[in-house]
Amino acid sequence: MQIDGLAPLEEAAKGQLSFFANSRYKRAFQATQASAVLVGESTGSQNNGRKNGVTLVKVQNPQLAFARLSQLFYPPPAHVAGISPEALVHAEAMVHSTATVMAGAVVARGATVGARAVLHPGSHVGERALIGEDTVLHPNAVVYDRCVVGARCTLHASSVVGADGFGFVLDPEKLEHVKIPQAGIARLEDDVELGACSCVDRATLGETVIGRGTKIDNLVQIAHNVRIGPLSIVCAQAGISGSTQLGHGVVLGGQVGIAGHLEIGDLVKMAAQSGVAQDVEAGTTVGGTPAIEAGNWKRSSVVYAQLPELLKELRDLKRRVAQLEKGKKP
Amino acid sequence: MQIDGLAPLEEAAKGQLSFFANSRYKRAFQATQASAVLVGESTGSQNNGRKNGVTLVKVQNPQLAFARLSQLFYPPPAHVAGISPEALVHAEAMVHSTATVMAGAVVARGATVGARAVLHPGSHVGERALIGEDTVLHPNAVVYDRCVVGARCTLHASSVVGADGFGFVLDPEKLEHVKIPQAGIARLEDDVELGACSCVDRATLGETVIGRGTKIDNLVQIAHNVRIGPLSIVCAQAGISGSTQLGHGVVLGGQVGIAGHLEIGDLVKMAAQSGVAQDVEAGTTVGGTPAIEAGNWKRSSVVYAQLPELLKELRDLKRRVAQLEKGKKP
Amino acid sequence: MQIDGLAPLEEAAKGQLSFFANSRYKRAFQATQASAVLVGESTGSQNNGRKNGVTLVKVQNPQLAFARLSQLFYPPPAHVAGISPEALVHAEAMVHSTATVMAGAVVARGATVGARAVLHPGSHVGERALIGEDTVLHPNAVVYDRCVVGARCTLHASSVVGADGFGFVLDPEKLEHVKIPQAGIARLEDDVELGACSCVDRATLGETVIGRGTKIDNLVQIAHNVRIGPLSIVCAQAGISGSTQLGHGVVLGGQVGIAGHLEIGDLVKMAAQSGVAQDVEAGTTVGGTPAIEAGNWKRSSVVYAQLPELLKELRDLKRRVAQLEKGKKP
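Chains as they are written, first to last, in our numbering: chain W, 1 to 330; chain D, 1 to 330; chain S, 1 to 330.
If you're looking for bench data, these hints aren't it; they were derived computationally from the structure. Don't take every hint at face value.
Which copy is meant is left open, because identical chains are indistinguishable; a pair holds if it fits in one copy or across any two.
Said to hold, decoys possible - Once the Cα atoms are required to be at most 30 Å apart in a straight line, the calculated DSBU-like pairs of lysine-lysine come out as:
1. Lys-58 to Lys-179
2. Lys-312 to Lys-269
3. Lys-14 to Lys-26
4. Lys-26 to Lys-318
5. Lys-174 to Lys-298
6. Lys-179 to Lys-14
7. Lys-298 to Lys-312
8. Lys-269 to Lys-179
9. Lys-269 to Lys-174
10. Lys-14 to Lys-298
11. Lys-58 to Lys-318
12. Lys-174 to Lys-14
13. Lys-26 to Lys-326
14. Lys-312 to Lys-326
Using the sequences and the hints, build the whole thing.
Shown next as structure tokens:
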């Protein structure tokens, strides 16, 4: 049997390989037309690894195996090295000879672009900024001056690294918001992915840091002086306010908001749309606004839906107690 | 009487036409300086369609009539066909002779741009991408490689079609998030509008699809493998997680979040900021986080505001019941 | 003593100046290595303005003093005036001789760019748009046709001024959403800052207005015909729906959402993630979704976390009251 493609269980055809990692998709697994399916070691199969004509390939972590196989089937596109004559590269920029700078990409004075880096059209590397080896800037991604992007990073279209942090002080006499210069930088460590239209602001002083291997989805806001530890996951439209620090392996659901100047411990998880206003201890899962421990939040949200009923019961009880009190006195 | 312009009720001057469709604006209607007002058929008028000197034009749907009239008064700008000498069009791209490709716009190898399409400066059509007839890409809008945009679509500035879906699997031994290649595409069917800085991610495998005539506001996130039916409305800053399917005519309020792998039925409505974590049946309106039926949510939210009071009442009742119990025993 | 740099309390080294404005940072203040610290007039110091070897500089408003000092230490970068030969400036555009138009920046026909304005690469000034004196458009910032940006404004990367407002009317017979042309403009008054990937939509008719000195963070959505008064603060990912009016000095926390057609009074404050569905009176602070007075919201949120407990108590009470009622009857 030759496998010539990968597909999800429901869409896989003959000759394709799929994976089954979540019992939620049991029906799709049983109905799949795939020729082979990566399954966990505990998945039962009587017939020498075959089930309904599907070859089952037992692996420790089917999803991980699928991801690695998928990387073989769908390698990143190759790019011809060199600077396009229509690229806008400053004479005093340093671009590695194996890097690709496409038409319309900008590399400003004093910037450095590492080996095999790829700058798509409209992407922007500001003055004295550093782009690491094998890093890709998709179209119109922007890295402001002096900011640092590590190796093997991916910046998706229209993402922005190093815009000014949001810092103003009201002058009550002149009636103006006085800008606090944002003189620091933003630094993405190695293997960071930054989604489309996501923003990592530069620090007021010092650095805003995204830790090694952290992955950030689209439309995310990372404010000035935030520090995110390695291997964290930030889902779409989440926002982290200034100076907040996250440990490693933290997972933020979509549209989560975190207030400023907080400490979020290692491996903390936040349910989508949580609003976090206090420090969170390592290993905790929280939810809701203001966020509380997730189990508590779930139980409270069940009662929330019953509140009108609960109010009615309370009022009824009040009436009955008043009756009892009346009955007692005479 | 000649009408030479359109304006909202409060701003309309003599010679201008306005519309009155919502009783909420009755005061503005009564005070308007407009020469003519489109009104619904049930709007009362004694004087042969005139009221305080204003000509009332009765139509079935004043807002719709206003929209159509407005299209006559404010036609889209005309553009000279042709490829600017300063556009960055690959030799192997196919641009229709009636299309407009402005200075600084990018059309990559193998891409196709349809008749009368308009590519503003800085917009980007990736390799082998397809742009349909009469579609407009505003400045810095990006369509990644192989993605498909139908006819008569509008992509506003800095919108992104086809960035990678957010898919990683943690390798617990190597301690890295392994990227699942996002080898599918994003497809916008005909007559779709995509707001500024909105993102439609490409599918992991297969397609992310925005149905015919669906309109998407600014800063919206559509994750990989989502499918939105035709004629839906997605307000600003809403987000839909991976693989979720929406029916036709669905309306999402601003900042709504929907979890992944859900089914949202036809004509479902979601109140602004809802957080939807479960399937929603066709025709339902939901609100809140986690979202519940909208009427229930409204009633619960009223009680929510009374919770401190309610707690006090409960404590008081408890005390009184304890008193009663004491009184009973002796 | 010579001061040669500024730094936060924890990071400051010898020779650097810091500030201490919030008692929350008392520990950092006591441990700082800074040579001098700006402090409020009420900060105690026995030793002639010195404390642990640190020179204390008493000022009325330490944060404001720090901001002004910081502007001296970190002045904005100087740019060489003139139009880059690689800029895309239309022959019929008017660019002031002291303005800087960098390579890849676009100035369309009939647009005007004021004195000392700076247009970074990929930024876009649409037809007949106006850019005021000393205003900076960072890379890939877009100003649509006819829109107006005042003096001393800053538009960060990928921000968008003047994209179409989101206005459609469903034609129930043709089954299409008919677009209401967005024929108005967006106007930013003087001294406005607009964050990266933030959007200010143009008005349907008339103007969307951001008042003088108002500061807007990243990823913010301002819908058509919104009017924000002067000196307001809009934090990241907040969104304001169409035609809503804000007074002066309004402060929106992150991820706040405001419904359309509302009036928000002067100096109103909204807690992060608030969802505001009704008018808000001047001077009020609100929180929650739907938003209520902030103190009430805080108290209610405390009870919310106790809801499961409260439900249990209520049920217990019900049982006890039923017992009492039984006991009474015989």
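Evaluation of the provided hints:
1. Lys-58 to Lys-179: This pair counts as between: shortest inter-copy Cα distance 21 Å, intra-copy 59 Å.
2. Lys-312 to Lys-269: between (36 Å within a copy, 28 Å between copies)
3. Lys-14 to Lys-26: within (19 Å within a copy, 64 Å between copies)
4. Lys-26 to Lys-318: neither (51 Å within a copy, 44 Å between copies)
5. Lys-174 to Lys-298: neither (49 Å within a copy, 34 Å between copies)
6. Lys-179 to Lys-14: So Lys-179 and Lys-14 pass the 30 Å test across copies only (25 Å; inside, 62 Å).
7. Lys-298 to Lys-312: This pair counts as both: shortest intra-copy Cα distance 22 Å, inter-copy 16 Å.
8. Lys-269 to Lys-179: between (34 Å within a copy, 20 Å between copies)
9. Lys-269 to Lys-174: Answer is between: at 21 Å across copies they meet the 30 Å cutoff, but 44 Å inside does not.
10. Lys-14 to Lys-298: Result: close neither inside a copy nor across copies, 43 Å intra and 50 Å inter.
11. Lys-58 to Lys-318: Neither, since 62 Å and 55 Å both go past 30 Å.
12. Lys-174 to Lys-14: neither (73 Å within a copy, 33 Å between copies)
13. Lys-26 to Lys-326: Result: close neither inside a copy nor across copies, 62 Å intra and 53 Å inter.
14. Lys-312 to Lys-326: both (21 Å within a copy, 22 Å between copies)
Hints 4, 5, 10, 11, 12, 13 from the list above are not met by this structure, while the remaining hints are.
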